[in-house]
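Model the full structure from these sequences, guided by the hints.
Single-letter residue listing:
Protein chains: 2
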Amino acid sequence: MNADRSAHPVTMRQVADAAGVSIATVSHVVNDKKGARIGPGARQRVLEAVRELGYRPNALAKNLSSGSSNFIGLVADAIATTPFAGQIIHGAQDEAWKHGYVLLVANTEGDLDAEDAAISMMLEHKVRGILYSTWFHRSVVAPKALKETEYVLVDCFDEKTPAPAVVPDERQGGRTATRLLLDAGHTRIAFVNTTTPSPAQTGRLHGYRQALHDAGIEYDPALVLREQPQQEGGYAVAERIRALGVTAVFCHNDRVAMGLYDGLRELGLSIPHDIAVAGFDNQEVIAAHLRPPLSTVALPHYEIGAAGVRVLLGLQSAPAEGPLLISCPAVPRSSI
Amino acid sequence: MNADRSAHPVTMRQVADAAGVSIATVSHVVNDKKGARIGPGARQRVLEAVRELGYRPNALAKNLSSGSSNFIGLVADAIATTPFAGQIIHGAQDEAWKHGYVLLVANTEGDLDAEDAAISMMLEHKVRGILYSTWFHRSVVAPKALKETEYVLVDCFDEKTPAPAVVPDERQGGRTATRLLLDAGHTRIAFVNTTTPSPAQTGRLHGYRQALHDAGIEYDPALVLREQPQQEGGYAVAERIRALGVTAVFCHNDRVAMGLYDGLRELGLSIPHDIAVAGFDNQEVIAAHLRPPLSTVALPHYEIGAAGVRVLLGLQSAPAEGPLLISCPAVPRSSI
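The listed protein sequences correspond, in order, to chains C and S. The first sequence maps to residues 1 to 336 in the UniProt record's numbering. The second sequence maps to residues 1 to 336 in the UniProt record's numbering.
A portion of the hints provided could be inaccurate.
The list treats identical chains as one, so a pair stands whether inside a single copy or across any two.
Mimicking DSS-like on lysine-lysine, the simulated pairs with C-alpha atoms at most 30 Å apart in a straight line are [to be verified]:
no., residue 1, residue 2
1, 126, 160
2, 34, 98
3, 33, 160
4, 147, 62
5, 98, 160
Calculated directly from the structure, the hints in this document are not laboratory data.
Okay, here's the thing in structure tokens:
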């Protein structure tokens with residue numbers, strides 16, 4: 001496996017010789033030491049020698065001498081099971097790199113021992129701070145070890161501590177999804193909510209009610225159903241949806257909408273002609289590929305990850321009274 | 001954000017005082033220095049003090065003094081768009097941790113500048129080696145900078161270099177999927193292959209032919225169709241499937257199967273009663289939740305990630321003649 005270079009990595013001495021300066025000067029330039037007096041000519045020659053020889057500065061030494069590292073830790077609980085965690089990582093990494101930080105990612109799949117090991121590892125690597133993230137928006141008890149550094153809760157929040165948190169704006173998202181249906185002329189709109197107690201359950205319902213209220217439509221609790229938030233739940237609810245005589249349905253998420261598609265089809269109802277459907281999540285692999293492609297509202301995981309890094313670095317502040325809310329944008333397609 | 005501990009992290013001197021030993025002894029114990037003579041009593045007292053005071057050894061200092069780091073880099077090209085990359089990360093992390101290594105993950109979303117930056121960052125952190133991974137099995141040209149360290153290609157391979165590589169066994173997977181259909185008594189089986197040239201395209205076809213051959217069934221090229229490997233391709237091919245008069249279909253992947261479900265349903269055909277369907281991938285969020293749940297073959301991303309780490313660490317060897325092949329297991333459900 002080892003190429004020539006790997007067997008004999010370029011040394012600081014070789015760079016110094018090529019640039020005609022001392023090793024100390026090379027060290028000052030590559031480690032960007034404050035206060036070192038180096039003429040522009042010498043600095044230029046060092047940088048050229050670094051590039052030509054392919055010298056790799058030792059980031060570990062740089063971190064150690066500066067007393068802190070350029071790492072930001074990211075603890076994620078479900079990298080392997082949904083693309084959501086991946087989008088949080090993507091956003092956090094882009095933002096971290098922009099500010100000269102490197103992301104240390106640890107996947108726990110919800111295992112407490114793995115979580116403990118991950119946080120210990122990050123603390124031992126003297127991270128600048130830790131993003132503690134969950135793949136769906138929920139309340140958590142922040143692990144005690146997090147308090148040994150700065151941290152931000154990402155896609156979750158802790159009711160017991162004033163830790164900064166960044167979460168999706170469920171109310172606004174629910175309002176936006178319902179408005180997509182209202183704007184198309186629907187007035188009798190069912191909402192298939194989840195059976196799982198969560199900020200999404202209460203927030204999206206709140207948004208649904210608010211959109212109806214703003215449109216001058218009276219809220220009818222009979223139009224709100226609860227099902228498990230997967231395809232199976234959406235399929236199971238189809239008959240009841242037909243019986244309600246609604247012309248439109250807002251589904252708690254895209255998976256429910258996918259199941260409802262199957263159920264409505266079996267009843268001989270077509271989308272959007274007989275019934276319009278709006279989802280939530282804009283889930284990769286599903287939303288854009290249903291028949292017809294699903295109109296939905298996106299969970300802004302990328303933006304949530306990026307905002308988490310900004311809050312951690314003090315570049316953006318979370319409000320004192322609660323989590324920073326990130327907007328869920330409409331993604332109109334052909335199901336309305 | 002800072003709790004007491006963070007404002008005043010526990011020092012090595014405090015540990016030394018609590019254990020009644022010198023700072024040098026504490027350093028030797030926590031950094032696991034070879035050759036240092038420390039009595040079992042002193043070692044025990046140090047470890048107890050470390051635990052009681054909550055001392056965090058500095059992994060950066062340990063890495064630097066040992067001349068190498070405990071990092072393994074993982075470059076991934078599509079963390080945000082599929083759960084596949086996440087499963088590779090999950091497997092690689094579990095295996096890395098088992099051997100005392102920490103994964104440095106970088107997401108590139110296929111961007112060459114990001115890839116370059118990621119590999120540079122890893123080299124500067126003196127990684128033990130790099131896993132270079134792609135979210136679908138394909139041929140790549142390994143970036144030149146990889147040659148500055150040890151590396152393993154994960155879910156990809158480079159025809160021009162003898163770099164070790166770990167990939168799924170597409171032939172065996174195609175054979176296994178086809179056998180699921182043969183075992184259920186089908187003899188006239190269509191294969192909806194992808195239009196995209198790839199190891200999956202040739203490997204799964206090879207496996208399909210081999211399974212037919214083993215069952216004494218003559219290969220009929222008219223039964224092999226090509227479509228784009230997404231729901232839209234599967235939907236589009238439904239009429240042709242019906243016209244072929246087959247009783248079973250092996251789909252290039254689960255997304256194609258999902259689209260085919262919709263197409264066959266519109267034609268009034270039921271699965272598996274009128275036509276049996278087998279997929280490939282065992283894609284999260286889809287395969288288990290179709291109606292009926294899809295019988296398929298799993299892409300072993302977790303195992304591929306784990307094997308990549310073992311090959312990098314020299315704990316498992318890749319064959320000299322080509323990539324290490326990881327088996328794709330059958331996942332029978334209700335569509336056959």
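Should residue 98 paired with residue 160 be assigned to within, between, both, or neither, using CA atoms and 30 Å as the limit? neither (32 Å within a copy, 34 Å between copies)
- [ ] At 30 Å max between alpha carbons, let me know whether residue 33 reaches residue 160 within a copy, between copies, both or neither.
- [x] neither (42 Å within a copy, 42 Å between copies)
Note to self: I want to check one pair: residue 126 and residue 160. Are their C-alpha atoms no more than 30 Å apart within a copy, between two copies, both, or neither?
What the structure shows: within (26 Å within a copy, 40 Å between copies)
Check your understanding: Within a copy, between copies, both or neither: where do residue 147 and residue 62 come within 30 Å Cα-Cα?
Key -> both (26 Å within a copy, 23 Å between copies)
- Measure nothing new, just compare the shortest in-copy and cross-copy C-alpha distances for residue 34 and residue 98 to 30 Å and report within, between, both or neither. within (21 Å within a copy, 40 Å between copies)
When held up to the earlier numbered hints, the structure conflicts with 3, 5 and fits the remainder.
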